[in-house]
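**Student:** Full structure from sequences and hints, please.
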Amino acid sequence: KQEVTQIPAALSVPEGENLVLNCSFTDSAIYNLQWFRQDPGKGLTSLLLIQSSQREQTSGRLNASLDKSSGRSTLYIAASQPGDSATYLCAVRSNSGNTPLVFGKGTRLSVIA
Amino acid sequence: GAVVSQHPSRVICKSGTSVKIECRSLDFQATTMFWYRQFPKKSLMLMATSNEGSKATYEQGVEKDKFLINHASLTLSTLTVTSAHPEDSSFYICSAGGGPGSAFFGQGTRLTVV
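Chains as they are written, first to last, in the numbering used here: chain A, 11 to 123; chain B, 286 to 399.
In short, the hints are calculated from the structure, not lab data. Treat the numbers as computed from the prediction; the structure is a model and nothing was measured. Every residue gets a Cβ at the ideal spot worked out from N, C-alpha and C, and that includes glycine. Just so you know, not all the hints are guaranteed correct.
Said to hold, decoys possible - Here are some of the chain A residues that sit facing chain B, going by a computed Cβ distance under 10 Å:
id: 1; residue: L58
id: 2; residue: P92
id: 3; residue: T109
To be verified - Straight line, CA to CA, 25 Å or less: simulated SDA-like cross-link-like pairs of lysine to any residue:
id: 4; chain 1: B; residue 1: K326; chain 2: A; residue 2: A19
id: 5; chain 1: A; residue 1: K11; chain 2: B; residue 2: P325
id: 6; chain 1: A; residue 1: K78; chain 2: A; residue 2: S106
id: 7; chain 1: B; residue 1: K327; chain 2: A; residue 2: D49
id: 8; chain 1: B; residue 1: K327; chain 2: A; residue 2: P92
id: 9; chain 1: A; residue 1: K52; chain 2: B; residue 2: S290
id: 10; chain 1: A; residue 1: K11; chain 2: B; residue 2: F352
id: 11; chain 1: A; residue 1: K78; chain 2: B; residue 2: L361
id: 12; chain 1: B; residue 1: K327; chain 2: A; residue 2: S63
id: 13; chain 1: B; residue 1: K327; chain 2: A; residue 2: Q12
id: 14; chain 1: A; residue 1: K52; chain 2: B; residue 2: G338
id: 15; chain 1: A; residue 1: K52; chain 2: B; residue 2: T365
id: 16; chain 1: B; residue 1: K351; chain 2: A; residue 2: G51
**Tutor:** Here you go:
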């Protein structure tokens, strides 16, 4: 059974810092991995999607890497801003069919102005 | 991009009553939709898979008679929490799509049973 772990559970940084969020998964046979942002009491906003054949994806100040063989992904946020404060969720899909995602518990990020 | 609409976004109901949550795919057809639940400070956990035209598939520990799922069309799935109790208070969220692309999520529904 796939399990997804995110470290740290919570993180507080001053504005402007670069930071890394970590995600690991137990079964390396994934189809893709997706990073989401969740604001308190809100739904999910997709940030980056990495297919299993890819090593990284970039969008603006965000960069996600994937090391499928070791079961790890990282989300790098450059020049953090107070508006980046949210919970960041990592999720994996096991195959190419219309299958559900398995989520980590998330990392709660606070960026202090 | 594809959009999934879910409503209501927030509902408060009395213990013992039933609540229906709707999940619609707005610009694509979804033969399969997923319902997740998230308790405070916990991860999203899959509750059930909603299949258009057939019975839903429930995860272990989820009562199918309590959480009724109807997927009567290619763009609509509903989740009805029957005889709700305070322990059913949670954040419920649906998703559709997937495959090569990303999964699209609704806005979520915050259910509070008093």
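**Student:** Please go over all the hints and tell whether each is borne out by the structure.
**Tutor:** These are the hints, each one checked on the structure:
no.	hint	in the structure
1	L58	holds, 9 Å
2	P92	violated, 22 Å
3	T109	holds, 7 Å
4	B:K326 / A:A19	holds, 10 Å
5	A:K11 / B:P325	holds, 23 Å
6	A:K78 / A:S106	holds, 16 Å
7	B:K327 / A:D49	holds, 14 Å
8	B:K327 / A:P92	holds, 23 Å
9	A:K52 / B:S290	holds, 13 Å
10	A:K11 / B:F352	holds, 24 Å
11	A:K78 / B:L361	violated, 35 Å
12	B:K327 / A:S63	violated, 30 Å
13	B:K327 / A:Q12	holds, 17 Å
14	A:K52 / B:G338	violated, 30 Å
15	A:K52 / B:T365	holds, 20 Å
16	B:K351 / A:G51	holds, 24 Å
In this structure, the earlier hints numbered 2, 11, 12, 14 are contradicted, and the remaining ones agree with it.
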